[in-house]
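Chemist: Taken in sequence, the protein lines are chains A and B.
For the first sequence, position 45 (counting from the first letter as 1) is numbered 45 according to my numbering, and the numbering increases by one without interruption.
For the second sequence, position 59 (counting from the first letter as 1) is numbered 59 according to my numbering, and the numbering increases by one without interruption.
One should not assume that every hint holds.
Between beta-carbon pairs, the in silico distance windows are [to be verified]:
#: 1; chain 1: A; residue 1: Gln169; chain 2: B; residue 2: Val70; range: 50 to 60 Å
#: 2; chain 1: B; residue 1: Val31; chain 2: A; residue 2: Phe141; range: 29 to 39 Å
#: 3; chain 1: A; residue 1: Leu260; chain 2: B; residue 2: Arg26; range: 19 to 29 Å
#: 4; chain 1: A; residue 1: Ser287; chain 2: B; residue 2: Val21; range: 20 to 30 Å
#: 5; chain 1: A; residue 1: Phe172; chain 2: B; residue 2: Ile75; range: 34 to 44 Å
#: 6; chain 1: B; residue 1: Leu55; chain 2: A; residue 2: Leu260; range: 38 to 48 Å
#: 7; chain 1: B; residue 1: Gly82; chain 2: A; residue 2: Ser78; range: 34 to 44 Å
What the hints contain is simulated information worked out from the structure, not anything from laboratory work.
Built from N, CA and C at the ideal position, the CB exists for glycine as well.
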Amino acid sequence: MDYNATQSGFRQQPNMRQRNSSMEGPDGSQLFEDTSGAGPRTQSGYRNQQTEPQQAGFAGQSLLSDPMSNLAMAYGSSLASQGKEMVDKNLDRFIPISKLKYYFAVDTVYVGKKLGLLVFPYMHNNWEVSYQQDTPVAPRFDVNAPDLYIPAMSFITYVLVAGVALGTQNRFSPELLGVQASSALVWLIMEVLAVLLSLYLVTVNTDLTTIDLLAFSGYKYVGMIVGLVAGLLFGRPAYYLSLLWCCAAIFVFTIRTLRLKLLSEAAAEGKLVRGTRNQLRMYLTMSIAAAQPIFMYWLTYHLIR
Amino acid sequence: MAFTLYSLIQTAILCTNAIAVLHEERFLSKVGWAVDQGVGGFGDDPGIKAQILTLIRSVRTVMRVPLIIVNSACIVLLLLFG
Numbered sequence: 001m002d003y004n005a006t007q008s009g010f011r012q013q014p015n016m017r018q019r020n021s022s023m024e025g026p027d028g029s030q031l032f033e034d035t036s037g038a039g040p041r042t043q044s045g046y047r048n049q050q051t052e053p054q055q056a057g058f059a060g061q062s063l064l065s066d067p068m069s070n071l072a073m074a075y076g077s078s079l080a081s082q083g084k085e086m087v088d089k090n091l092d093r094f095i096p097i098s099k100l101k102y103y104f105a106v107d108t109v110y111v112g113k114k115l116g117l118l119v120f121p122y123m124h125n126n127w128e129v130s131y132q133q134d135t136p137v138a139p140r141f142d143v144n145a146p147d148l149y150i151p152a153m154s155f156i157t158y159v160l161v162a163g164v165a166l167g168t169q170n171r172f173s174p175e176l177l178g179v180q181a182s183s184a185l186v187w188l189i190m191e192v193l194a195v196l197l198s199l200y201l202v203t204v205n206t207d208l209t210t211i212d213l214l215a216f217s218g219y220k221y222v223g224m225i226v227g228l229v230a231g232l233l234f235g236r237p238a239y240y241l242s243l244l245w246c247c248a249a250i251f252v253f254t255i256r257t258l259r260l261k262l263l264s265e266a267a268a269e270g271k272l273v274r275g276t277r278n279q280l281r282m283y284l285t286m287s288i289a290a291a292q293p294i295f296m297y298w299l300t301y302h303l304i305r
Numbered sequence: 001m002a003f004t005l006y007s008l009i010q011t012a013i014l015c016t017n018a019i020a021v022l023h024e025e026r027f028l029s030k031v032g033w034a035v036d037q038g039v040g041g042f043g044d045d046p047g048i049k050a051q052i053l054t055l056i057r058s059v060r061t062v063m064r065v066p067l068i069i070v071n072s073a074c075i076v077l078l079l080l081f082g
């Protein structure tokens, strides 16, 4: 009877875990593959747990075998899942979480290739984003797709490296980290808003979303980090040299990526297409690309003395 | 250089106020930026001037009431907390 009690008490947990994994199944196979190898390990973990608390289950057996508390536990868990569903549904209205998940579906190979592309974009030939039945392919399958993982990580790394740089000049205090983070964030938001405004004014029909623009504006933090670390390790000339290299790389990267999205088909392939509209679009692409090195210098020069 | 998020909000409020204050009769038609002077071609390309005029007009229409609320809140906050 004791064995039955512990069995019925612990049967809930394996069921709940199976329900969760089956809910994420169709979603997981598209975006996220579980490469963590945690599946078999948790199974054996449960078997260990089932043998152990046979001794400890004597104490809680009276609580678990009581039908009223069983009912209460079941009711409580259903309430909790209902609340979770409601929160998810309402949160999804304000922040599009499912769309955000696409931008974080990256893996190590993609991140490595993308970082190499951000520092050395001169050898890459095919810059088109591949599609799969009208939806863009997840970033882990296509190097050209924008993602939010690299911009987010490099933003945080930039704030930390700025803290280190200020520390080497004895100017550091913990509030300065927050000041650096918020001013860099403000510049980022202003840049994205300015790009959105100019895209609206030039009436470009493009499928660039706001989050795509956020991703492209966030890629310059990688170059800033490279310049800052070189400046910290080797002094000012190294800072200027590496910043120059990264500015040129980001300039070329931005032009080549945005050219395919903003310009019309013929102009994107390199042919000279006349007309004020195409000229405006070309100027827009060039100015967006030229703003990146300016921001890179503006946000880092005060950190290297 | 030390921007905070609050200064970004203040910048946005000030810019939106500046756009919403442009009066249609007294100022815009004198300059030649009235509503009916921008819509030239109904073809494919509205042009930058038409887009700007549409933007000014839509900011005036849409943001009038929210701007009243936001400005009042900003004034109260400034009076209370400096």
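Chemist: Between leucine 55(B) and leucine 260(A), does the C-beta distance stay in 38 to 48 Å?
Modeler: violated (27 Å)
Chemist: Is the gap between the beta carbons of leucine 260(A) and arginine 26(B) within 19 to 29 Å?
Modeler: Given about 46 Å between the Cβ atoms, the range is violated.
Chemist: Range hint 50 to 60 Å: satisfied by the CB atoms of glutamine 169(A) and valine 70(B)?
Modeler: violated (40 Å)
Chemist: Between phenylalanine 172(A) and isoleucine 75(B), does the C-beta distance stay in 34 to 44 Å?
Modeler: holds (37 Å)
Chemist: Could you tell me whether the CB distance from glycine 82(B) to serine 78(A) stays inside 34 to 44 Å?
Modeler: Violated, since glycine 82(B) and serine 78(A) (Cβ atoms, about 51 Å apart) do not stay within the stated range.
Chemist: With 29 to 39 Å as the target window, see if valine 31(B) and phenylalanine 141(A) comply at their CB atoms.
Modeler: Between valine 31(B) and phenylalanine 141(A), where Cβ atoms are some 53 Å apart, the hint is violated.
Chemist: Please check whether serine 287(A) and valine 21(B) have a Cβ separation lying inside 20 to 30 Å.
Modeler: holds (28 Å)
Consistency with the previously given hints fails for numbers 1, 2, 3, 6 and 7, ordered from lowest to highest.
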